[in-house]
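K.L.:
The lines below spell out each chain.
Number of protein chains: 2
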Amino acid sequence: MKLLEDKILNEGKVLEGGILKVDGFLNHRLDVALIAELGADIAREFASCGADLILTVESSGISIACAAAFKMGIPVLVAKKHKSYNISDGVYTAPVFSFTHKTENIVLVSKEYLNAGAKVLIVDDFLASGNAALGLLSLIEQAGATAVGFVAAIEKSEQGGRALIEQKGVKVYSLARIKEMRAGDIKFE
Amino acid sequence: MKLLEDKILNEGKVLEGGILKVDGFLNHRLDVALIAELGADIAREFASCGADLILTVESSGISIACAAAFKMGIPVLVAKKHKSYNISDGVYTAPVFSFTHKTENIVLVSKEYLNAGAKVLIVDDFLASGNAALGLLSLIEQAGATAVGFVAAIEKSEQGGRALIEQKGVKVYSLARIKEMRAGDIKFE
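Note that the protein sequences, when read in sequence, are chains A and B. Numbered as in my numbering, the first sequence ends at 189 without a single skipped number. Numbered as in my numbering, the second sequence ends at 189 without a single skipped number.
For the record, the hints were derived by calculation from the structure and aren't laboratory data. Treat the hints with care, since some could be wrong.
No copy is singled out in the list; a pair is fine if it fits within one copy or between any two copies.
To be verified - Lysine-lysine pairs mimicking BS3-like chemistry, simulated, CA-CA at most 25 Å apart: (1) K168 with K13; (2) K111 with K21; (3) K187 with K13; (4) K13 with K111; (5) K171 with K83; (6) K7 with K71; (7) K71 with K83; (8) K2 with K71; (9) K80 with K7; (10) K81 with K21; (11) K7 with K111.
Remember, predicted model here, so these are calculated numbers, not experimental data.
Working from the sequences, and respecting the hints, build out all of it.
P.N.:
This is how it looks when you write it as structure tokens:
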């Protein structure tokens, strides 16, 4: 999506350790007009997928998930992040290693809101190594629900997450797909 | 706002310790159509306030803030929560005690995105004791910006947060204002 690629080229910053900083429009300060366009694009791409729920994870995925969900007329389920498993019975949990923070978190959702048979579209801000995606896919599997797709606003292809998701038979769609990046030089697929 | 009050009456659960659980539509599973209506109402109420930024705090305020911001045509700044002050120089920070979790967090925003002279509308999911509001107001004061209003989707009047905000000369607006609540019995102002 050219709008997002241009925004990344103009305002994104490549930090050490392969981190792309998009704090100015996607993660910290939110360019809501841009995010609404991302949502509309996702809704078009998945218009006929039959999804009845969007699953995202706090907190950077929420705005994009809501923008898509509003266009698709379906609710959003926000997976929570915890530091430990010291939580209640009524939840599905999965471990997720954070590439940016070098820590392991637990993601969880209430069993009450993720039902067997649900058709779930996952929406997140980034796809890199695919760890977050695998954690969210695990929650869906545990519930006996089905993932109908995985959407990332920004994919960093080099880190190989796409293959891990596709191996599970789940379609991957990213709005900006970065082939390689260095400070001052970002190339898209 | 009757739509939200009805939703609270039908689906909210009053837990021990004065906690109102609205996980089914506002905090965990998000009723995006409802949240869009909340955003439209906020945009109408603050149509002439001159706000150029909405400030919220992760993660439950994000969806409501985005819905309002989209209608108002302004960006959202999402204050981050941390456990400690062990963070970089480029941020404003303030302590916030969480009524629900009985812990103190730090809220922070990048100095880069909260500028002197900005007119800021704060949007959050709950107003109770006002601790989160005071933390966010402190960030705005530190930046030399001005708060033009504080919006909560749900206010729990008994806990007195409104007076603390109004003492600072900031208008308070809540979409559902709970006078008192017990299990199975919620009364609005």
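K.L.:
Each of the hints needs a verdict: does it hold here or not?
P.N.:
Evaluation of the provided hints:
no. : hint          : verdict
1   : K168 with K13 : neither (32 Å within a copy, 38 Å between copies)
2   : K111 with K21 : between (34 Å within a copy, 16 Å between copies)
3   : K187 with K13 : within (13 Å within a copy, 50 Å between copies)
4   : K13 with K111 : between (39 Å within a copy, 17 Å between copies)
5   : K171 with K83 : neither (30 Å within a copy, 37 Å between copies)
6   : K7 with K71   : both (22 Å within a copy, 22 Å between copies)
7   : K71 with K83  : neither (33 Å within a copy, 36 Å between copies)
8   : K2 with K71   : both (20 Å within a copy, 24 Å between copies)
9   : K80 with K7   : between (28 Å within a copy, 23 Å between copies)
10  : K81 with K21  : both (21 Å within a copy, 18 Å between copies)
11  : K7 with K111  : between (38 Å within a copy, 21 Å between copies)
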